[in-house]
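Add chains B and C to chain A, keeping to what the hints say.
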Amino acid sequence: MPLLEIKNLTVSFDTAAGPFMAVQGIDLSIEPREVLAIVGESGSGKSVAMLAVMGLLPNTATVKADRMAFDGIDLLKLSPSERRKIVGKDISMIFQEPVASLNPCFNVGFQIEEVLRFHMGMDRAQRRARAIELMKLVGIADPEERLSSFPHQMSGGQCQRVMIAIAIACNPKLLIADEPTTALDVTIQKQILDLLVSLQAKYGMGLIMITHNMGVVAETADRVIVQYKGRKMEEADVLSLFESPKSNYTRALLSALPENAVGDRLPTVSDMMFEPAPSAAGAAS
Amino acid sequence: MSTTVLEGKNIVRDYHIGGGLFTGPRTVHAVKGVSFKVDKGKTLAIVGESGCGKSTLARIITLIDPATAGDLFIDGNKVDIVRNPLTKEMRRKVQIVFQNPYGSLNPRQKIGDVLGEPLLINTDKSAAERRDLAMKMLKKVGLGHEHYNRYPHMFSGGQRQRIAIARALMLNPSLLVLDEPVSALDLSVQAQVLNLLADLQDEFQLTYVFISHDLSVVRYIADDVMVMYFGEAVEYGSRDEVFADPKHSYTRTLFAATPRADVASIKARLAKKKAA
Amino acid sequence: MSNEGPATIEAATVVKQQDARLQMFGEFWHYFSVNKGAVIGLFVFALLILIAIFAPLLAPHSPDDQFRDFFLTPPAWQEGGNAQFLLGTDAVGRDMLSRLIYGSRFSLAIGFVVVTTALISGVILGLLAGYCRGWVDTLIMRIMDIILAFPSLLLALVLVAVLGPGLVNAMIAIAFVLQPHFARLTRAAVMAEKTREYVVSAKVAGASHLRLMLVTILPNCIAPLIVQATLSFSNAILEAAALGFLGMGAQPPTPEWGTMLAEAREFILRAWWVVTFPGLAILITVFAINLIGDGLRDALDPKLKRS
Numbered sequence: 001m002p003l004l005e006i007k008n009l010t011v012s013f014d015t016a017a018g019p020f021m022a023v024q025g026i027d028l029s030i031e032p033r034e035v036l037a038i039v040g041e042s043g044s045g046k047s048v049a050m051l052a053v054m055g056l057l058p059n060t061a062t063v064k065a066d067r068m069a070f071d072g073i074d075l076l077k078l079s080p081s082e083r084r085k086i087v088g089k090d091i092s093m094i095f096q097e098p099v100a101s102l103n104p105c106f107n108v109g110f111q112i113e114e115v116l117r118f119h120m121g122m123d124r125a126q127r128r129a130r131a132i133e134l135m136k137l138v139g140i141a142d143p144e145e146r147l148s149s150f151p152h153q154m155s156g157g158q159c160q161r162v163m164i165a166i167a168i169a170c171n172p173k174l175l176i177a178d179e180p181t182t183a184l185d186v187t188i189q190k191q192i193l194d195l196l197v198s199l200q201a202k203y204g205m206g207l208i209m210i211t212h213n214m215g216v217v218a219e220t221a222d223r224v225i226v227q228y229k230g231r232k233m234e235e236a237d238v239l240s241l242f243e244s245p246k247s248n249y250t251r252a253l254l255s256a257l258p259e260n261a262v263g264d265r266l267p268t269v270s271d272m273m274f275e276p277a278p279s280a281a282g283a284a285s
Numbered sequence: 001m002s003t004t005v006l007e008g009k010n011i012v013r014d015y016h017i018g019g020g021l022f023t024g025p026r027t028v029h030a031v032k033g034v035s036f037k038v039d040k041g042k043t044l045a046i047v048g049e050s051g052c053g054k055s056t057l058a059r060i061i062t063l064i065d066p067a068t069a070g071d072l073f074i075d076g077n078k079v080d081i082v083r084n085p086l087t088k089e090m091r092r093k094v095q096i097v098f099q100n101p102y103g104s105l106n107p108r109q110k111i112g113d114v115l116g117e118p119l120l121i122n123t124d125k126s127a128a129e130r131r132d133l134a135m136k137m138l139k140k141v142g143l144g145h146e147h148y149n150r151y152p153h154m155f156s157g158g159q160r161q162r163i164a165i166a167r168a169l170m171l172n173p174s175l176l177v178l179d180e181p182v183s184a185l186d187l188s189v190q191a192q193v194l195n196l197l198a199d200l201q202d203e204f205q206l207t208y209v210f211i212s213h214d215l216s217v218v219r220y221i222a223d224d225v226m227v228m229y230f231g232e233a234v235e236y237g238s239r240d241e242v243f244a245d246p247k248h249s250y251t252r253t254l255f256a257a258t259p260r261a262d263v264a265s266i267k268a269r270l271a272k273k274k275a276a
Numbered sequence: 001m002s003n004e005g006p007a008t009i010e011a012a013t014v015v016k017q018q019d020a021r022l023q024m025f026g027e028f029w030h031y032f033s034v035n036k037g038a039v040i041g042l043f044v045f046a047l048l049i050l051i052a053i054f055a056p057l058l059a060p061h062s063p064d065d066q067f068r069d070f071f072l073t074p075p076a077w078q079e080g081g082n083a084q085f086l087l088g089t090d091a092v093g094r095d096m097l098s099r100l101i102y103g104s105r106f107s108l109a110i111g112f113v114v115v116t117t118a119l120i121s122g123v124i125l126g127l128l129a130g131y132c133r134g135w136v137d138t139l140i141m142r143i144m145d146i147i148l149a150f151p152s153l154l155l156a157l158v159l160v161a162v163l164g165p166g167l168v169n170a171m172i173a174i175a176f177v178l179q180p181h182f183a184r185l186t187r188a189a190v191m192a193e194k195t196r197e198y199v200v201s202a203k204v205a206g207a208s209h210l211r212l213m214l215v216t217i218l219p220n221c222i223a224p225l226i227v228q229a230t231l232s233f234s235n236a237i238l239e240a241a242a243l244g245f246l247g248m249g250a251q252p253p254t255p256e257w258g259t260m261l262a263e264a265r266e267f268i269l270r271a272w273w274v275v276t277f278p279g280l281a282i283l284i285t286v287f288a289i290n291l292i293g294d295g296l297r298d299a300l301d302p303k304l305k306r307s
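Those protein sequence lines, which keep their order, are chains A, B and C. Per the numbering used here, the very first residue in the first sequence carries number 1; after that it's consecutive. Per the numbering used here, the very first residue in the second sequence carries number 1; after that it's consecutive. Per the numbering used here, the very first residue in the third sequence carries number 1; after that it's consecutive.
One chain only, chain A, in its complex shape (with noise of 0.2 Å):
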């Protein structure tokens, strides 16, 4: 049984210019201890398909869907407060820019401590020793004076650091990171991605990556999914994705890395399709 299965969904957004479509009948699903890319560019819906999963969008969004399932429950028909009880515990998220992540107004042991207070019912001094043992697991050193530091004393990278502690704290059976590196630099891009991986190995955890890095892919995924404008483009594994593209966008895509770069120019994808319009880069972000 798939750990999550998505079968049709659309998300549009009410604008001033009418509906915007950000995701157009996507089909998707993850089987358990997978890493799963969903790779696009600005627009592509990437992130707002995962949202959804989450019940994170805005009042605006309309959510459509054939089925949305979660280890065999069905999520469409769960309350709001059922499906609370799910998002964060079983299915957690992190995301983008770290530092904005964490509330800056409380030290980060009272934020690992929270979420375990809400999902695990533990009393203070389990929490006290679960929150240290997740700051171990994702790789902070001293983690007992850490706990009491605030947000804004620690970097970037040991912010998401923070954020990966505070999204594995119960278990979840699905990690979902939306474009987790991006803001990082490539020395820390790396050491994240490593951490990633491998509490997903250790803990046999569902994971998917939002990016829209080519090389992250190739670093990390075993399936991946390639959107453009809300609509899924492919769908491969990993290396039969990178050795033989089947559709053309996928194709322009990788011959625009400068890696794989012959000659002077690069080759552009504008052969085939154009840039996001702004719109469209405007309600995905």
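In case anyone wonders, no lab produced these hints; they're calculated from the structure. It cannot be assumed that every hint is accurate.
[Unchecked claim] Calculated lysine to any residue pairs in the SDA-like style (CA-CA distance at most 20 Å, straight line):
hint, chain 1, residue 1, chain 2, residue 2
1, B, Lys42, A, Pro258
2, B, Lys136, B, Asp202
3, B, Lys272, A, Pro258
4, B, Lys42, A, Arg265
Here is chains B and C on its own, set in the frame of chain A:
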């Protein structure tokens, strides 16, 4: 035949942070004595991670901020913006393109005015001449007449970056500082903008200082590469030298951390995973 | 395409430009009209402006005409009312409805004049402070802080006492009291915009300080100022009414709403209509303008974030 357009000798930039209530004043050394030299029509890439001082250096080269110490030569003339106020002549020689295409255009200014403004300030050209030149430049960067009267918010990121490049070129500069010009762009758009920059360099014999954290882009566009780490240039040489044989351990770390998107390394990773 | 002369291009771009304007307005209206209260407020405010403009046509009597036989006549629907005076008459027999209609002229004029004065001086000071920083900033902002430290009505009262009571002096005093709000807002906006890359770009293009301040930065600070101006408009009307009530604003027999309230003070228990109607007029006007201000904030602020 090659003439040196830009030369920096021992450029230093310190920031003095005034003491607060409980802390004494401190000095932050953002750039610690960096030297470089770029010939006409060539591209120097400055690579480094956030906080390494590469953007500070960009602002010094663009004559926005003065250097604390060191000499800066542009077209062989020594420039010191603290002692001598900038002449218009000097001003137009160096222009800059910023990273964020959404912040670098005035939201209340039409594209035509964005392009015409440098001419309006620095030359005595008539409105019709300015309009003419702006139209020509729009064409050159791959946009059309119909874009002349539009506002920036009606353009996508890639188009805005084209406009920013067009504005920088309006005064016929000899040196263009590109501060992460493609980092905020999508992959497909990034390729277009890089191609445009290469075309323009060929056509106008432009000299580029290209600041980036993305090694694959640098490898594609640069002639010379300088790697900065905590305000120091730890590696400086021609592109092939630096990429083939990095001397400094930081450069090697940087290379190792860059994700590889080729089939061979994917195969290696999958094999390792299976073994584990 | 060789026959496509510059004239056609010109025409095409002009059409495009109008389209763009229309589109921008359409977008603004979309966000503004989401807020139903704001639309109602706008409607009421428009009605008020029309009433003020056509006051001589709408008012049944002159605001200063005293009908000696009709002191304190109740409104028409009450016992003892007279159909001639729809909302009754005041203590010297003047028609309440006519005075209220003419009073709208004063209230709106006060709002416009005060807000314009405060806006212009506040924006200039705020622009200087935010752009120059350093001692200029410190000097200007400390003076603004001092003004803000006084209870605003008290300060206005002192100023009017110094300048002498009267509508014009009251407006000057209120503008002086409101102006620091604009200065602070402008300064904050200027400081935020000043470090944006387009400002640096203009600087690299060689723009002078004056040009940077007025042409590059100022137009981008306007949205919060519009909101503040709307809210200050109602504030100005309220303070003018308060000064009028205290006898320091418009002088009798001017039909200014606050002054009308002051004149009616002694009849509060005997004739409810002489105080209720001017009070209601002030309430409705201020409420309508505040609703518009809220709507504007909703419509303009997200736009700032988007661009």
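Verification of the hints:
Between lysine 42 of chain B and proline 258 of chain A the CA atoms are separated by roughly 19 Å; this keeps the pair inside 20 Å, and the hint holds. A C-alpha spacing of about 17 Å is found between lysine 136 of chain B and aspartate 202 of chain B, which places the hinted pair at or below 20 Å, so the restraint holds. Between lysine 272 of chain B and proline 258 of chain A the alpha-carbon distance is near 27 Å, which puts this suggested pair outside the 20 Å criterion. Simply put, lysine 42 of chain B and arginine 265 of chain A have alpha-carbon atoms about 16 Å apart, close enough for the 20 Å limit, and the pair holds.
Hint 3 alone, counting from the list given before, is not met by this structure.
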